[in-house]
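The lines below spell out each chain.
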Amino acid sequence: MCTICGCGEGETKIEGARLHRHADGTVHAHAGEDGHEHAAGSHGHDHAHGHAHDHAHAHEHGPGCAHGQAHADLHYGRGPAHAHAPGISQERMVAIERNILAKNDAYARGNRRRFAQRGIFALNLVSSPGSGKTTLLVETIRRLAGELPLAVIEGDQQTSHDAERIRATGTAAVQINTGKGCHLDASQIEHALTHLDPAADSLLFIENVGNLVCPSAFDLGEAHKVVVLSVTEGEDKPLKYPDMFAAASLMVLNKIDLLPHLDFDVQQAIDAARRVNPAITVLQVSASRGIGMEAWLDWLRAGAGAAAAQRAELAAQEGRRRAQLEEHIASLR
Amino acid sequence: MHEMSLAEGVIGVVEDTLAAQPPAPGEAVRTVRLEIGRLAAVELQALRFAFEVVRRGTVAEAAALEVIEVPGTAWCMRCCGSVPLAQRGDPCPTCGSHQLQVTAGDELRVKDIEMAAAATS
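Line by line, the protein sequences give chains R and U.
Per numbering that gives the first Met the number 0, the first sequence starts with residue 0, numbered consecutively.
Per numbering that gives the first Met the number 0, the second sequence starts with residue 0, numbered consecutively.
Extracted from the complex, chain U is given alone in its bound form:
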């Protein structure tokens, strides 16, 4: 949901980072890497499309977007173990219980950016 504003959020985080650590002369953002959990409330295709639009005229104008998908993981209270979770509401794949606590997979994070000399990109 809100892929356009999420894309703007990404640009905002990148801009904040580069305001604190300005790029060297001739340097530009080549890649922006995100960690998006499979359980996160975001539609990846829409996010990619939105990013293409909002990056124009910003420090990330020519940047490619790389998304690292983080699989859903939950702690099963019955098995007392970590299990993979494809979506909320699914049962534990091992024992079928719904007593699950999501431990990973709802991330919406800017992981890092790759800076490179603009002329060589």
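Only chain R is shown next, with the shape it has when bound in the complex:
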């Protein structure tokens, strides 16, 4: 069973090729219908190493020491209550202090580092199925193409429909099919990035599987989670699915063109979101009718600009460091 999402081993597919994950973390894809063969990938990520302190207490006896009863006066942690063989260490605690999702977190850190180095502003779009994520992306791409480099990673259980819709706009997209899986995880994103290779200073959209529960727990290495809620869903969604709304930086309230036909209370929805996440930003849009899109595009531009500036700063630092080293080498000659 997949150790990340519980799906069957080898069910995840990226662009039709089965993803095979080894116990040591090496990931590669087997040949798909299109004949693609991918060598075992090189990974620029670290694995987290928790601290493990050895508290071994050797319990040794001198010759002639006879015992067959409890050592009432010797306590190692909880202490043994019965006879033991001499020379074998007693109980010991090994401190670990490591997150259960440490493996995913390690991949996420690797992704985040790669994004920082390339100035990529990565967003994780989450929502229930049918809130309009893909339409929002298509309409966003139509307005930003030419202004910013764009790339998309799509996640669904099956089909490439969403990736195809994105590609139809002229923007590169990779489809991840999770099979039975209900969320994208960081190792899948890492693998997708080797296919996609977004340009420097790109805006990368990761459209997660439609699901308001599971994706909240899985860091993909994104800058922000953006939760899309549509007005056909009910104002109390944030209260019903607090983990997701608490994890998001921005809530996009979509399909506002339908408000005249519904009893949806916009302020109630915003208040509910703020109850579980006082810091959340809210934007109201209709992606299909083009209402409110400029504020959303400005939010995107600001984030992409900051990521690009950060990359420029990192590059400048590297340049200065290199100059220092070259100067030092020259002085040694």
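Because the hints were derived from the structure by calculation, they are not lab data.
Careful, some of the hints might be misleading.
Unchecked claim - Taking CB as the label site, the calculated pair distances span: (1) Q316/R with P21/U: 35 to 43 Å; (2) P83/U with G129/R: 34 to 42 Å; (3) E42/U with E96/R: 19 to 27 Å; (4) G95/U with Q266/R: 16 to 24 Å; (5) R319/R with G25/U: 54 to 62 Å.
Note that the structure is predicted; figures quoted are calculated from it, not measured.
Note that the Cβ used here is the ideal one computed from N, Cα and C, for glycine as well.
Since the structure of chain R is already known, use the hints to place chain U on it.
Frame of chain R; chain U shown alone:
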């Protein structure tokens, strides 16, 4: 959510630790202790059940699972103080405000393991 894969995650963390520090001859994992926050997205009963299943055939085959529940805590921006929080969306128990920032209670962590001589467990 995903208690089965979380249980496998626990086994994975334990196995990684013991790969780095192999057990002494005759030693086995007696207890695995987890820190699970009350605000964490996990159902404890399901996690216990899943652990019973996934530990079979692993280094933690005979290990008991101990869960330390970490209560939810939040910083109330209106009170300017730390308050207990039973679940997300609850108001501050002191002043009733929802201006809260969770500071503890969403942990999903393997805290430590207890190793003991297998014959005496």
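Verification of the supplied hints:
no. : hint                          : result
1   : Q316/R with P21/U: 35 to 43 Å : holds, 42 Å
2   : P83/U with G129/R: 34 to 42 Å : holds, 37 Å
3   : E42/U with E96/R: 19 to 27 Å  : holds, 23 Å
4   : G95/U with Q266/R: 16 to 24 Å : holds, 19 Å
5   : R319/R with G25/U: 54 to 62 Å : holds, 57 Å
Hint check: no violations occur; every hint is consistent with the structure.
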